[in-house]
Amino acid sequence: MNVTALKSKTAPATQPKQAETKVLPVNAKKPDSQWPGRVKTIFLANILPPVIVVASLLALWQLVLSGGGASLPSPLEIWQQSGDLILEPFYVAGTQDIGLGWRVLTSLERVAVGFGLAAFVGVAVGAVIGQSQWLMRGVDPLFQILRTVPPLAWLPISLAAFMDSRPSAIFVIFITAIWPIIINTTAGVRAIPQDYRNIAAVLRLNQFEFFTKIMVPSAAPYIFSGLRIGVGLAWLAIVAAEMLTGGVGIGFFIWDAWNSSKLTDIFVALLYIGVTGFVLDRLVAYIGQVVSRGTIT
Amino acid sequence: MSYLKIDHVSKSFPLAGGREALVLDDIRLNIDKGEFISVIGHSGCGKSTLLNLIGGLTEVTKGGIILEGREVNAPGPDRAIVFQNHSLLPWLSVYDNVKMGVQKVFGKTKNRAERHDWIMENLDLVQMAHAADKRPGEISGGMKQRVGIARALAMEPKILLLDEPFGALDALTRAHLQDAVMDIHARLKNTMIMITHDVDEAVLLADRIVMMTNGPAATIGEVLEINLDRPRDRIALASHPEYVRNREALLRFLYERHRFVEAAE
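Top line first, the protein sequences correspond to chains A and B.
Everything in the first sequence is counted per the numbering used here, starting at 1 for the first residue and increasing by one.
Everything in the second sequence is counted per the numbering used here, starting at 298 for the first residue and increasing by one.
Hints listed in this document are in silico derivations from the structure and should not be mistaken for laboratory results.
Please note that a few of the clues may not be correct.
[Said to hold, decoys possible] Here are the simulated SDA-like pairs of lysine to any residue, each with C-alpha atoms no more than 25 angstroms apart in a straight line: (1) Lys396/B with Gln194/A; (2) Lys431/B with Thr212/A; (3) Lys396/B with Asp195/A; (4) Lys396/B with Leu205/A; (5) Lys401/B with Asn198/A; (6) Lys407/B with Phe208/A; (7) Lys262/A with Ala93/A.
Let the sequences and hints guide you as you build the complete structure.
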């Protein structure tokens with residue numbers, strides 16, 4: 001998916017550009033004067049292709065697995081057995097029997113805390129490291145190694161340290177999401193043009209003023225591409241962590257469904273996770289665009 | 298005692314292997330209050346380094362720079378710089394770019410309304426009040442440079458340092474901005490030092506022109522006094538004997554005695 005594609009790109013300098021080019025085709029389109037004509041163009045260009053592709057894939061899936069004796073359910077079976085999960089995301093029928101919408105929200109709450117902490121600490125640490133050549137050389141190898149540790153590998157350590165599943169899950173998100181944020185912020189701070197530093201020097205800005213007035217706006221495109229990678233990783237981590245720690249999140253739901261042999265429920269849950277991850281990615285990208293608007297001269 | 302005293306200033310940069318590159322050697326210059334000085338020389342002769350030394354952005358290796366009896370050793374708003382590439386912050390509007398400096402310098406001495414008036418007054422001075430809400434990306438190169446000048450002026454500096462401010466502009470825009478600078482100098486009577494490599498620009502604007510020898514170890518070759526009455530008009534001056542004589546003196550210095558040698562860079 002999107003997230004893994006971003007993750008594999010290690011050179012942070014290319015990130016902001018990538019984030020921009022993704023949006024360009026929509027903006028670059030010439031505004032069609034005729035309103036119905038415009039709607040038609042958008043439909044033909046942007047909506048029709050994915051609809052056709054998804055429909056064909058579903059048909060293929062149905063064709064392959066409808067023969068009987070297949071170990072996985074077909075799309076129709078999923079709809080018949082678990083369609084209510086799609087249609088009613090927010091039902092409550094008991095403490096453990098709640099809609100997937102609620103479960104996603106529970107997971108999102110954990111992600112919000114863990115990712116929020118990671119964003120705050122990551123930007124602060126990245127800003128400090130980016131200002132010092134020596135520190136940069138010292139910590140970079142460490143970060144490059146820790147960055148590659150899979151989220152779940154942190155879980156046992158986290159459980160041992162916190163002795164409780166909730167803070168452990170949050171810590172796993174934090175430690176997973178923080179590396180790309182630190183690394184990108186560092187790169188962004190190092191890329192601040194000397195001109196801006198000269199202005200800060202002439203105006204005698206103090207450290208705090210330099211941080212808020214020069215560093216953050218100048219490094220915003222880098223910081224936000226780090227945050228975008230981070231939020232993707234955080235969402236990856238929460239699902240995996242919840243599978244092991246339990247609770248009411250979407251990750252635990254999958255594990256629960258597997259244990260009670262409700263395969264069709266798992267497929268629906270995957271759909272929820274995918275859509276939520278996509279929305280998170282777009283949300284951070286959108287905030288980044290709003291914040292760094294006008295940065296390109 | 299002079300307003301700004303550049304006293305036996307040398308600047309060298311460390312090279313690999315423990316050696317040092319001497320860029321500027323024994324610069325001596327006294328500048329009076331209200332004077333307009335142009336510094337001219339071939340590229341690579343250390344003109345910009347000299348300006349950075351006065352601005353405090355680069356540290357002096359030997360000697361000292363004294364402004365109004367106090368040594369300069371750090372950058373500050375009393376020596377505002379207009380940079381060659383305007384250096385406006387692209388995420389701030391024209392108004393906010395100027396405001397940033399005003400808030401820092403007059404945050405305690407002027408109230409909110411006074412600061413606003415002061416910002417608009419300075420934008421007006423460079424005829425950019427109409428674009429106060431625009432972002433740097435939305436205005437032309439000449440306009441950006443005007444805003445850069447307004448930002449520097451709004452700090453009410455003791456000395457305005459201009460580092461080849463019009464080098465990247467086309468000839469017509471440059472002429473407009475030269476007129477604007479002359480007008481501001483006539484009105485505010487501030488001290489200005491301008492780096493340039495344009496002979497006409499130097500003669501038109503300056504009271505004195507400092508001619509730099511070629512680097513390495515560049516120093517002041519000659520100082521030329523320009524005895525032309527102000528206000529100066531570029532068209533009337535074009536055939537003025539004094540103007541022509543000064544221009545020739547500059548050209549002789551630059552192209553006969555200190556011809557630019559590529560290998561010297």
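These are the hints, each one checked on the structure:
no., hint, verdict
1, Lys396/B with Gln194/A, "holds, 21 angstroms"
2, Lys431/B with Thr212/A, "holds, 21 angstroms"
3, Lys396/B with Asp195/A, "holds, 18 angstroms"
4, Lys396/B with Leu205/A, "holds, 14 angstroms"
5, Lys401/B with Asn198/A, "holds, 15 angstroms"
6, Lys407/B with Phe208/A, "holds, 23 angstroms"
7, Lys262/A with Ala93/A, "holds, 18 angstroms"
The structure shown violates none of the earlier numbered hints.
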